[in-house]
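Colleague: Here the protein sequences come in this chain order: C and Y.
The opening position of the first sequence corresponds to residue -10 in my numbering, with each subsequent residue numbered one higher.
The opening position of the second sequence corresponds to residue 69 in my numbering, with each subsequent residue numbered one higher.
Since the hints were made in silico from the structure, they are not lab data.
It is possible that part of the hints are untrue.
[Claimed, not checked] Computed from the model, here is a short list of chain C residues facing chain Y with C-beta under 8 Å:
#, residue
1, L14
2, A35
3, G36
4, T68
5, A69
6, G75
7, A80
8, G87
9, E90
10, L91
11, M99
12, L101
[To be verified] Below 16 Å or equal to it, Euclidean Cα-Cα: the simulated EDC-like pairs (lysine to aspartate or glutamate) are:
#, chain 1, residue 1, chain 2, residue 2
13, Y, K222, C, D95
14, Y, K222, C, E103
15, Y, K417, Y, E364
16, Y, K222, C, E90
17, Y, K417, Y, E520
18, Y, K427, Y, E497
Yeah, the Cβ is synthetic: ideal placement off N, Cα and C, and Gly gets one too.
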Amino acid sequence: METLVAFTVGVMAAGSVYLLLSHNLVRVLFGLILLSNAANFVIFAAGGMTEGLPPLIGLGEKALTGVYSNPLPQALILTAIVISFGLLAFALVLVYRGYQELGTVDSDRMRLAEPPHPDQDIPEPEEPGRLHVRDASRRVENLGSPQS
Amino acid sequence: MLSWYLVAPIAVPMTTAVLCILLATRRDLQRIVSAAGAGAHLVAALLLMAQVWQGGILAGQMGQWPAPFGITLVADHLSAVMVLITGIMGLGVGLYSLRDVDENRERSGFHPLYHVLLTGVTGSFITGDLFNLYVWFEVMLIASFALLALGSEKVQLDGAIKYAAINLVSTVMFLIAVAVLYGMTGTLNMADLAVRVPQVEQRGMMTTVAVMFMIAFGIKSAVFPLFFWLPASYHTPAVAVSAIFAGLLTKVGVYALVRTFTLIFTDDVGYTHDALLVVAGLTMLTGVLGAAAQNEIRRILSFHIISQIGYMIMGLALYTPLGLIGAVFYLVHHIIVKTNLFLVAGVAKRLTGSMDLKKIGGLYKSSPLLAVLFLIPALSLAGIPPLSGFWAKFVLIRASLEIESWVIAAVAILVGLLTMFSMTKIWVEAFWKPHPDGDDRSLSIGDLTVSERVLLIGPIVVFAALTVAIGLWTQPFLDLATRASAELLNPAGYIDAVLGARP
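Model the full assembly from the supplied sequences, consistent with the hints where possible.
Modeller: So this is what it looks like as structure tokens:
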């Protein structure tokens, strides 16, 4: 069982790294979601896996007896899920707001905070709300070179 | 009863945040509560410091669950002094923010977020449980995301997106490292880990976990080569926000590194701490060289945060009593000085209209007081005696010479000189050079309103006085750092305080 989970984590991590390396921030977000779920699986596997032995105290007994699955990793995962849900929801809104204001979800075009050349201004889209990703990036590109 | 000293520094900012949310519609009252809450936080921090100074390491088990099963809060001298400095910065920057943060940002929830940030930072310093540390990191992180984006200016969103993306990767790394460590030892209590980690048989795997923690905390503390989120974002938000970030956030990462690499991962020092030493040297150099290329005051200062982080990591990596004394001393000195420089930059912008060095000037002529207030932290940062930075650098370089690490000592001295270069650049461009738009474009401090003078200049004066005080009366601060260092190098006291005396 652990081996299976380990390979699942490996595949998820590989997929998330592929997504994280993208220019497209939406893909980066998906990469983060995938990575945080992979982390949850790691907790699950690291805590030791036992099948079909819930940590329930039997009727009339005072404590757990015999072999039972470890409940702590599940508590940790639950906490981690809640936290990463909050953070990722915020990140999603942040990227969307960034898209509205900057007109792009391409991280390579977001050079406002760190301009490539000191005096260069980044052109602004006119109706950012209505642009598609590709249109937005193309428009920025066109405005960047006044000759075209 | 004693555990109240531990809970109060976390509970006070949390309560203040809740009160600020409840008073969201009543702006004046909210501002008063926010300032009062920051003051109460400082009082709680002072009480904790006094208690630890007199009674030694203080540990409390939350909900009366005995360690290692429940969540433990622990304060040794390092934790206590970090909480105290958080309290001081929290109050100073909190007062500054009353005149710096605009109404729009206040309405969007600046005050609650600010106190949530303080809660997260304080919690990280006090907790004695690794998973709990993760939770406090997240509290701090979500507040810092929101504070960074607050105001939704284009530049801010740009910076915040990069900050968020890289920091989220770091938290996942941290979580995975915690999971693997839990799998190997079966515990998350830091004191218990200190006992059990040496008993684990797979030493290679343990070093791997140590490196995972190093990377996770390394991203948080902006060390080479993981620092790129910092100069991309720290110059974008309101001045008060970037000042508190500059002072506290990366230092939480450094604190976590110091804690884990003195308490838990001390077996393979030859590998982990040597790696940290290389990282420290490269962090110092890249940070200071990055700063030399910049022309915006806050960007210059942001790169200097990175180079200064290198010094603290260097103290940890040397792993000698003197090295750790230097690291603790440097942490305290750096938080005060760096926050102060950002606050001065904010006032400079207010008086001249920009932070771009090419567009401003003439401040020395128009407001000599601000020039002095800039010069004190700037010279301290570069390590000019008798200011606090000199002693911090002196101790660290002395520590490296003692164990004959000539290269790192040379790098530390060189970086000090280059820091001086950057500070001179700000001095010449912003203070000496006439304003490019004519002399009358630079206002003087006298042109500010009375409340602005009190709330903006007041904290700067106090922080500058602290810098001078640490420089002139170094001994008590050095004593404190010595105690902290002794506790870090001999974790038995920490372990006993948490787990109770063991046979």
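Colleague: For every hint, state whether the structure bears it out.
Modeller: Results of checking the hints against the structure:
1. Contact between C/L14 and chain Y, as hinted, is supported at the beta carbon level, the nearest pair being about 7 Å apart and thus within 8 Å.
2. Using the Cβ-Cβ criterion of 8 Å, the hint placing C/A35 at the interface with chain Y is satisfied: the shortest such distance is roughly 3 Å.
3. With a cut of 8 Å, the hint placing C/G36 at the interface with chain Y holds, because the nearest CB-to-CB distance is about 6 Å.
4. Interface hint at C/T68: satisfied, since its Cβ lies 7 Å from the closest Cβ of chain Y, which is below the 8 Å cut-off.
5. For the restraint placing C/A69 at the interface with chain Y, the shortest Cβ-Cβ distance is roughly 6 Å, inside the 8 Å limit, so the hint holds.
6. Nearest Cβ of chain Y to the Cβ of C/G75: about 6 Å, under the 8 Å cut. The hint holds.
7. Given the 8 Å rule on beta carbons, the hint for C/A80 holds: about 5 Å separates it from the nearest Cβ of chain Y.
8. Using the Cβ-Cβ criterion of 8 Å, the hint placing C/G87 at the interface with chain Y is satisfied: the shortest such distance is roughly 4 Å.
9. Against a cut-off of 8 Å between C-beta atoms, the interface hint on C/E90 holds, since the closest Cβ of chain Y lies about 5 Å away.
10. Using the Cβ-Cβ criterion of 8 Å, the hint placing C/L91 at the interface with chain Y is satisfied: the shortest such distance is roughly 6 Å.
11. A hinted interface residue such as C/M99 counts as satisfied when its beta carbon comes closer than 8 Å to some beta carbon of chain Y; here the least separation is about 5 Å, so the hint holds.
12. Using the Cβ-Cβ criterion of 8 Å, the hint placing C/L101 at the interface with chain Y is satisfied: the shortest such distance is roughly 4 Å.
13. Distance restraint check for Y/K222 and C/D95: the Cα-Cα separation of roughly 14 Å lies within the 16 Å cut-off, and the hinted pair is therefore satisfied.
14. For the suggested pair Y/K222 and C/E103, the alpha carbons sit about 12 Å apart, so the restraint of at most 16 Å is met.
15. For the suggested pair Y/K417 and Y/E364, the alpha carbons sit about 11 Å apart, so the restraint of at most 16 Å is met.
16. Our distance criterion of 16 Å between C-alpha atoms is met by Y/K222 and C/E90, whose separation comes to about 6 Å.
17. Using a Cα cut-off of 16 Å, the hinted pair Y/K417 and Y/E520 holds, with the two alpha carbons roughly 14 Å apart.
18. For the given pair, Y/K427 sits about 9 Å from Y/E497 by alpha-carbon distance, which is consistent with the 16 Å threshold.
In this structure, every one of the numbered hints holds.
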